[in-house]
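S.K.: Assemble chain Y onto chain L, guided by the hints.
Each chain, written out:
2 protein chains.
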Amino acid sequence: MRVAVISLLAATTLAMTPFAADTDTIRGFTPESSRIERDWESKFKSIPEPGRMREAMRRLSAHPHHVGSAYDKTNAEWIRDQFRSYGWQADIENFDVLFPTPKERLVEMVSPTTFKADLNEKKIDVDPTSGQTDEQLPPYVAYSHDGDVTGPLVFVNYGVPADYEELERHGISVKGAIVIAKYGGSWRGIKPKVAAEHGAIGCLIYSDPGNDGYALGDVFPKGPMRPSQGVQRGSVADMPTYPGDPMTPGVGATKDAKRLPLDQVTTITKIPTLPISYGNAQPLLAALSGAAVPSAWRGGLPITYRFGPGPAKVHMVVKSDWNTRTLYDVIAKLPGTTEASQWVIRGNHHDAWVNGAEDPISGLVAELEEARALGELVKQGWKPKRTIVYAAWDGEEPGLLGSTEWVETHGDELAQHAVAYINSDTNGRGYLDIEGSHILEKFINGVEKDIQDPEANVSVWKRNQARTLRSGTPEEKKDIRDREDQRIDALGSGSDYSSFLQHAGIPALNLGYGGEDNGGIYHSVYDDFYWYTHFSDTSFVYGRALAQTAGTAVMRLASADVIPFSFGNLAETARTYVTQLQKLRDTRNDQIAETNRAIDEGVYATVNDPRQPTIAPARRETPPQFNFAPLLNAVDSLTRASARYDRAFSSGTMSAGASAAVSTRSAAIHSINERLLQAERAMTSSEGLKGRPWYRHMLYAPGFYTGYGVKTMPGAREAIEQGTWSEVDGEIVRIAAALTREATLVSQLAGDLGAR
Amino acid sequence: MRVAVISLLAATTLAMTPFAADTDTIRGFTPESSRIERDWESKFKSIPEPGRMREAMRRLSAHPHHVGSAYDKTNAEWIRDQFRSYGWQADIENFDVLFPTPKERLVEMVSPTTFKADLNEKKIDVDPTSGQTDEQLPPYVAYSHDGDVTGPLVFVNYGVPADYEELERHGISVKGAIVIAKYGGSWRGIKPKVAAEHGAIGCLIYSDPGNDGYALGDVFPKGPMRPSQGVQRGSVADMPTYPGDPMTPGVGATKDAKRLPLDQVTTITKIPTLPISYGNAQPLLAALSGAAVPSAWRGGLPITYRFGPGPAKVHMVVKSDWNTRTLYDVIAKLPGTTEASQWVIRGNHHDAWVNGAEDPISGLVAELEEARALGELVKQGWKPKRTIVYAAWDGEEPGLLGSTEWVETHGDELAQHAVAYINSDTNGRGYLDIEGSHILEKFINGVEKDIQDPEANVSVWKRNQARTLRSGTPEEKKDIRDREDQRIDALGSGSDYSSFLQHAGIPALNLGYGGEDNGGIYHSVYDDFYWYTHFSDTSFVYGRALAQTAGTAVMRLASADVIPFSFGNLAETARTYVTQLQKLRDTRNDQIAETNRAIDEGVYATVNDPRQPTIAPARRETPPQFNFAPLLNAVDSLTRASARYDRAFSSGTMSAGASAAVSTRSAAIHSINERLLQAERAMTSSEGLKGRPWYRHMLYAPGFYTGYGVKTMPGAREAIEQGTWSEVDGEIVRIAAALTREATLVSQLAGDLGAR
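So the protein sequences, as listed, match chains L and Y. Residues in the first sequence are numbered from 682 upward in steps of one, following our numbering. Residues in the second sequence are numbered from 682 upward in steps of one, following our numbering.
The shape of chain L in the complex, shown without the other chains (with noise of 0.2 angstroms):
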């Protein structure tokens, strides 16, 4: 079928009017189909309230409403339920998950003095919701090991790999030790990963004042900053390796599905981990000996930080009941008509840990507005060519569970069928964040540059460039001056995208506005409705403007005559990446040469101080150089190819004035456009990433390290970070490959549009 519709197009070689001739014309739209959408996209955004957006968050973060709890179903019926006001067809579709909640939960120092940490999140008065104790799951993290130690504390700041480096230079180890680290420098979940590895036995989280408390601001509920018995939950499972429901990796957890035993699961933690205040932290912490540690590692308390080991011994005990639990997808759908089966995907969770107001609310409020207003549009005579699926995702707090599982139970499908997911989560006031693959980028520029700051009156696209010029680098505020698009960072992990864009090859934006209000509230019974309305985005037209912003995003997807795609701005992000790889293999082999000839010439001993002493680190190898020449050929052709494919489909193929008949010109752009469903596609491999095969996508993966943080062209970055040098030239290739990949796709598609 492809194929006939290729020699079509290329015996007819169509002269055309252009796509995007002028900078009024919508990439992917003619100028008179551009016309129509800027008529529908002008009436969309006149449609979301921000006081509708208010009194939804009042309603959907009356209760706490984590995965299991009554307030969860209640919440997504009642949305199943909007969607169904607003004209959209509308189910929930259910998942059962592991999902384990605390059962036994002790934090106490046995010596040199005796302290018992409450480990409770106090109610406060003027907040009606924070006493809601009884249907509040109380501080823990998901998915920590069960277990029952003692042994003295050691603290090991973020605790990340860097961390334990900097310990091994003071002579410290963690083996037997329970580690507290501070929330921050990487996601959670990595925390207790790299301790277990050193040999901790037990893992203590703590939010530190001078990152979210009062070093930042008046604390809650004077201030929006976290008070001192404030702490952060969240989920601890080993998402690196695969998010989504532990037992089912890598398919829907449905009814029947097969699942691992609890025993196999291996993305629990290892040791058993709890979260706690600053104020439960602070006693532990200064019940410390050891050395002060350096001052990059200080927090906000009022003490002297010290590593530690002990003197302050601590008992710990988590165990959990390992429940299975129900989630609530609330998928809802607005049929295309002439493109039906392609599918534009739209998505916020419902789910909190508590009452989430910020934290998914603020997002989801949005969503539900858009799809009031896109409602309204069809009512009005709108057709989207399109299929729009919203959806409300379950148990995204707990491991991108709802997300996940859909993805996973859909993936034939979507396969076939999606064009884009567009991710929010939280919002709030100031600047438009954006996420997401690079093919979009461009698409999201046009977007941004029409819709307007709230606050500022200006575009936000404008506002986000004015913050560069305001606060970049030389380097960045050149680029910003002088480049077309303005860049969109890569995704990593901490959302509903990542099962999307890197286990099915879709591709993924992740929308929200921020920056301008610090909070310290996250995952805590203070995120509620009475501290967003009265320190984040109060009068919801952050909210609106998100709104404004994903739904023309999703309009644009679901109406244009080919799916605006770009590939240039691909290929020249790729080639970024490249050059990076190149440095930080320089780097690294300057850094290793370098302590390597320090070692020899006996620094490490020479600077030694006896009252405080250190320890060399241990010889490395260097790296040899690896071979990047297919990385290069395979950037090299992606440009080429999308040199040709712009050409094509800016000078003017396959629109109105056409000799060819309608019919045979609809063929060819729905064959054009079903190629293009797959360009996302060609850069994941089956296979995955090494040692974490659920990962598919050759570009983009969230750290093995970082977890939110994203690393790009994961195989060969982490090889080359790790030092596992002699993987990195076969890691080149894979990546060469899928972009290679991309590339033929590409060339044929601009083939496919009449470039010569």
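Keep in mind that the hints are not guaranteed to be accurate.
To be verified - One-sided excerpt, in silico: chain Y residues whose CB lies under 7 angstroms from chain L: (1) Gly898; (2) Pro902; (3) Glu1136; (4) Thr1287.
Stated by the list, open to error - Here are the simulated distance ranges between beta carbons: (5) L/Glu1157 to Y/Thr794: 44 to 52 angstroms; (6) L/Thr1260 to Y/Asn1277: 31 to 39 angstroms; (7) L/Ala843 to Y/Thr794: 43 to 51 angstroms; (8) Y/Glu849 to L/Thr831: 54 to 62 angstroms; (9) L/Thr831 to Y/Ser723: 57 to 65 angstroms; (10) L/Ala843 to Y/Gly1372: 58 to 66 angstroms; (11) L/Pro1294 to Y/Lys1159: 49 to 57 angstroms; (12) L/Asn801 to Y/Val807: 39 to 47 angstroms.
In case anyone wonders, no lab produced these hints; they're calculated from the structure. Ideal Cβ placement from N, Cα and C applies to all residues, glycine included.
M.R.: Structure of chain Y alone, referenced to chain L:
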């Protein structure tokens, strides 16, 4: 006379054995004289005894001994007698100086709540001298303007000019306000100066626990850091305008000196100023409202640091007795032999703010042991060529009074006789820090290579190299591996070298060990014998190392055949300064142009957050291109002259085995040495720096807005930093003239040494 000698040398062109022909030969010595010198040095280094230093510290720090105190005089007499007992000529030289002492001190918050600061440091039981209240000067800063003011409080971070730019960005003025600044970031006297320039009416300075309190370690008496009641005293006179007695700028404060009336003294602060503890600062800072400060401004207190202004309103009173007090400088001499008219000068102050075990007694006890050891050598038959002058200065703390008045009094003699001045002040455990004149850089590197680190069992030169190889930048590592000599930093201000180098043009070095122990007792009652012998160089082995280092330097300067200045090091360093100035101009240009462009583009308005409004900076004029040619030409001349000098110096003149008569040779060497005395003087200008003529050196001065921190080529550098573009070319010419004078002198000396 000189001309005759030159002719004589030109006529004879002697063939002699070279200086420093091998690494065992000390620069400035012949192989033969070097062997003799090494024998004496070896004897010398074995004499200083840690136990004697400990006992001397116990005695000298037994009571408070600030200027005007009974024990200050007692100590001076005891030091004089010690010198005499070592076989030196020793006397006390007196000066009468303005030294205000506190009569009334008050700091209280009058609204929104009331709080009265206690302004006193408490006795600590285990510390026997901390309770000598009757003899102590209470916490204050000397040369604060008297005043009784009330105003809203504003937190200004370190209170340096860049901090006021940040305040302006936030729309905050200090006009009519009392500022509170952290210690650090500049010399303390800068803080009230800059505050007054911006319209403040009072200035509080406090020691933040993030800088020398609990953040770094246990506080005294459990550890070495500053306890909550500890206060840093100090001088706040405008030292960068001129140091020494405020009433007698430029002349010695002898009995009959002409004195400025008090109301004409320009170096007293314009606003009342007081130092306070962090215990007293915390309630004041916690009572500020306004925006939270940027992260770089935060300190270690468990509060939200805010700018203010207010609502905290503070009332402060400072009244002093504006006394004249007598200084007791101890001046001791070992007369030289063949070159007795050439003086090698060494000094350390003896006055303290309170008991001052670390500052200054730790340095002084090393100096005393050097003196004892040198006296011992003389008894054994050692005959230094040159006269050695050892000084124990009084009045350093209030403003380098004793050294400055002595230098001003003896200006003519010093211009004729001074070879070099070697200073020390406090001493501790760790690395040898060296700052000084670059004509002494090669010389002091030679000394450094011959001193053993008492704990690391390598030379202190090697240990300093290892420190850079451990922690330096790649450029610094390369430099320290490739360059023959380790770089020494230029001298700013803060100890008694200032008048020697910057007023009188005498090459100077400042030497001291440190860097391995933190401490927080600086200028408090807790800087005493108990603290020092528990937390610093407790075994006094680094005290011995300082005695060995400074003593060896003195011996070499006193006995070298040719004074071992090196002009190549100076020329190369001067070239780096020119490069820095060129870069500084370009950087300032880029910054100002970028800011102007951003203003034009509306960047500041666009990023403005209505909840945290900021204000665009004012447009500034970009710098024109400056004419660096005179400076580059002067450096080129100096480079050529130094190369000729070095060739002549190392490839042999005026040594043994010459055909000329010994007397002719001696006269020639004497003449060269006499003219070498002018090598640093040549770089001074009698007009001095613009606006502060006391500072005559064209290469080195304390920064007008840094105090401690040096500004090299200060005339040009500060004109560029401060944006007074029209002054830069003129300043470049003045610096170039100084370097040209140097080049001319060096070139003539090279000729005298036989260079072609």
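S.K.: Now look at each hint and say whether the structure bears it out.
M.R.: The hints, checked one at a time:
1. Interface hint status for Y/Gly898: upheld, as the beta-carbon distance to the closest one in chain L is roughly 5 angstroms, under 7 angstroms.
2. With a least beta-carbon distance of about 15 angstroms to chain L, the hint placing Y/Pro902 at the interface is violated under the 7 angstroms criterion.
3. Using the Cβ-Cβ criterion of 7 angstroms, the hint placing Y/Glu1136 at the interface with chain L is satisfied: the shortest such distance is roughly 6 angstroms.
4. Hint status for Y/Thr1287 relative to chain L: holds, with the closest Cβ pair at about 4 angstroms, below 7 angstroms.
5. Distance hint check: the CB atoms of L/Glu1157 and Y/Thr794 are about 46 angstroms apart, consistent with the given range 44 to 52 angstroms.
6. As the Cβ distance of L/Thr1260 to Y/Asn1277 is approximately 32 angstroms, the hint placing it in 31 to 39 angstroms holds.
7. A hinted range of 43 to 51 angstroms holds for the C-beta pair L/Ala843 and Y/Thr794, which are about 45 angstroms apart.
8. Taking 54 to 62 angstroms as the suggested C-beta distance range, the pair Y/Glu849 and L/Thr831 conforms, at roughly 55 angstroms.
9. Between L/Thr831 and Y/Ser723 the C-beta distance comes to about 59 angstroms, which sits within the given range of 57 to 65 angstroms.
10. For L/Ala843 paired with Y/Gly1372, a C-beta distance near 48 angstroms fails the hint of 58 to 66 angstroms.
11. One distance hint, 49 to 57 angstroms for the beta-carbon pair L/Pro1294 and Y/Lys1159, is violated here, with the actual separation near 28 angstroms.
12. In this structure, L/Asn801 and Y/Val807 meet the distance hint of 39 to 47 angstroms, their C-beta atoms being roughly 41 angstroms apart.
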